[in-house]
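Here the protein sequences line up with chains A and B, keeping their order.
Heads up: the first sequence begins at 12 in the numbering used here, then just goes up one per residue.
Heads up: the second sequence begins at 6 in the numbering used here, then just goes up one per residue.
These are calculated hints, taken from the structure and not from any lab test.
Honestly, I wouldn't trust all of these hints.
[Claimed, not checked] Ranges between beta-carbon positions, derived for each pair:
id	chain 1	residue 1	chain 2	residue 2	range
1	B	I72	A	T202	31 to 39 Å
2	A	V101	B	E30	47 to 55 Å
3	B	P76	A	R29	55 to 63 Å
4	A	G200	B	E158	38 to 46 Å
5	B	A41	A	Q240	18 to 26 Å
6	B	E30	A	G200	32 to 40 Å
Here the structure is a predicted model, which is why all the values come from computation and not from measurement.
The beta-carbon is built from N, C-alpha and C at its ideal position, and this holds for glycine as well.
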Amino acid sequence: MAGDGEPISEAEALEQLRQTDDQSRQYYAAWWLGRMRSRHPEAVPLLLAALRQRQPRDVGAGVEHNAVARNAARALGKIADGRAVSELLVVLDDDDDGLREAAARSLGELRATAAVPLLTRRLASGPDVAGAHRSDSPRLQEPCEAMLEALGTIGVAEPEILAVIKPFTGHGRPLVRSAACRALLQLTGETAWADELLQLLQHPQLQVRRAALMDLGAVGWRPALVPIQRTLAENSLKLIALRGLVEHGNGRGADSDDEAVLMAMDALL
Amino acid sequence: MTAASGDSRLAADRIRAFEQAGSAEELVVATRRLIACDDRLATVPQLVQVLGFNNPGAAVAAVDGLIALGPAAVGPLLANLDAHNYGARAWAVRALAGIGDTRGLDVLEDALATDVGPSVRRAAARGLGTLRLETLAEAERQQVRERCLGALEGGRGDGEWVVRYAVAVGLEGLALPLPRAHPHRDRAEASLEQLQDPEREDTLVVQLRAGVALKRLNNQ
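Please put together the full structure from these sequences, using the hints given.
Structure follows, in structure tokens:
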């Protein structure tokens with residue numbers, strides 16, 4: 012299957028990741044291996060080595076190194092090899108919040124229950140601390156969306172974990188609220204959280220409607236079929252959301268046949 | 006919008022209101038009003054223009070309007086394809102796919118094989134299954150269908166799941182009107198079997214859609 016970037020072979024990608032002189036080639040190679048979900052035996056060891064290339068957060072230096080490390084962290088999640096978990100757990104405590112974000116997403120994709128205590132600890136201070144705005148950038152103290160989504164995907168529904176997530180449903184940013192509702196819906200199946208996401212699907216900002224679409228798709232919330240069809244957003248995103256409804260069907264109507272959702276997808280092509 | 010244009014169904018008034026629309030919401034309303042005016046043919050240039058505005062609500066309305074106009078919209082659509090705006094091209098290809106006029110075949114074939122935008126390729130794949138062939142002479146019909154089938158067979162190897170999904174939909178549309186054991190139908194079924202096979206297709210929703218297509222073909 013062809014990729015989007017410049018066509019290189021798996022052997023070339025591995026070679027470009029192995030060399031350390033040209034970081035832009037390492038950056039591309041790490042992305043490529045993840046995108047192709049490489050099963051080559053050298054892929055995971057080389058990506059782990061690239062992840063260890065990260066440097067302490069230091070404006071001016073280390074930026075390039077961490078760009079490679081971030082792509083390596085993402086690729087390790089896509090390749091979904093359990094050997095990556097222990098190193099990604101270390102990265103989840105890195106000072107670079109971009110790296111923490113990539114690690115959280117990948118640990119989610121890896122369904123790494125070992126990440127749950129650390130994720131909940133980093134979020135435990137709640138929307139006012141972990142979710143507070145930074146003074147130096149538009150980002151939050153913690154990459155809350157990625158961490159909340161990871162908790163939902165990993166799927167440990169203990170009361171103390173739910174208690175950490177719930178306050179984020181009142182966060183000032185709708186994208187964080189959406190991520191929190193998505194996680195709670197995945198963990199509890201309670202309709203109230205779906206209702207919140209359906210509300211966000213009506214939000215005046217397109218960016219928020221897009222996030223709610225992706226979140227309903229990730230949960231596979233079948234009762235959202237008609238609201239997804241009606242919301243004002245790109246067909247491409249609606250198609251991704253509806254694919255989620257088919258592939259991980261949850262909620263009322265989940266056991267009905269898939270054909271109604273497939274026909275809704277046909278109409279969006 | 007002025008009060009006068011709000012009451013008039015005259016194309017000229019509605020075109021004027023369209024040109025004065027200031028916000029994204031006003032543009033959606035003005036576009037919907039264009040397609041419900043007294044002389045829809047006169048609004049084709051504006052409807053084609055809307056496709057390039059990056060306003061999905063208005064574009065959906067414009068595509069619906071262009072499809073309703075049918076063959077009369079094909080010339081202006083082909084003449085205004087925008088090589089630099091793939092959002093606009095995706096909407097134009099969708100309109101051509103919905104109209105099903107064989108004058109769009111070159112564009113659909115080329116779009117599925119070479120376009121950089123997955124949204125353009127998926128619209129083309131769907132359209133290649135819905136061209137209206139009934140008015141053509143038998144020989145020409147075979148020839149057009151042969152080209153559609155070849156293009157869809159090529160699209161089976163696309164890197165994007167949504168394009169392969171649309172290829173399954175296109176193959177179903179192409180094969181359903183054909184009698185059993187027609188060679189084109191056999192080829193379409195063989196392609197659908199590949200798309201249904203977990204060994205050869207890694208996206209579950211594509212496998213399921215190909216399965217529905219095969220079920221429909223077998224139940225006929």
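Range hint compliance [Cβ, G200 (chain A) to E158 (chain B), 38 to 46 Å]: holds, 43 Å
V101 (chain A) versus E30 (chain B) beta-carbon gap, inside 47 to 55 Å or not: holds, 49 Å
Cβ separation of P76 (chain B) and R29 (chain A), checked against the hinted range 55 to 63 Å: holds, 58 Å
Range hint 32 to 40 Å (beta carbons of E30 (chain B) and G200 (chain A)) holds or violated: With a Cβ separation near 36 Å, E30 (chain B) and G200 (chain A) satisfy 32 to 40 Å, so the hint holds.
CB-CB spacing for Q240 (chain A) and A41 (chain B) relative to the 18 to 26 Å hint: holds, 22 Å
CB-CB spacing for T202 (chain A) and I72 (chain B) relative to the 31 to 39 Å hint: holds, 37 Å
The structure agrees with every numbered hint stated previously.
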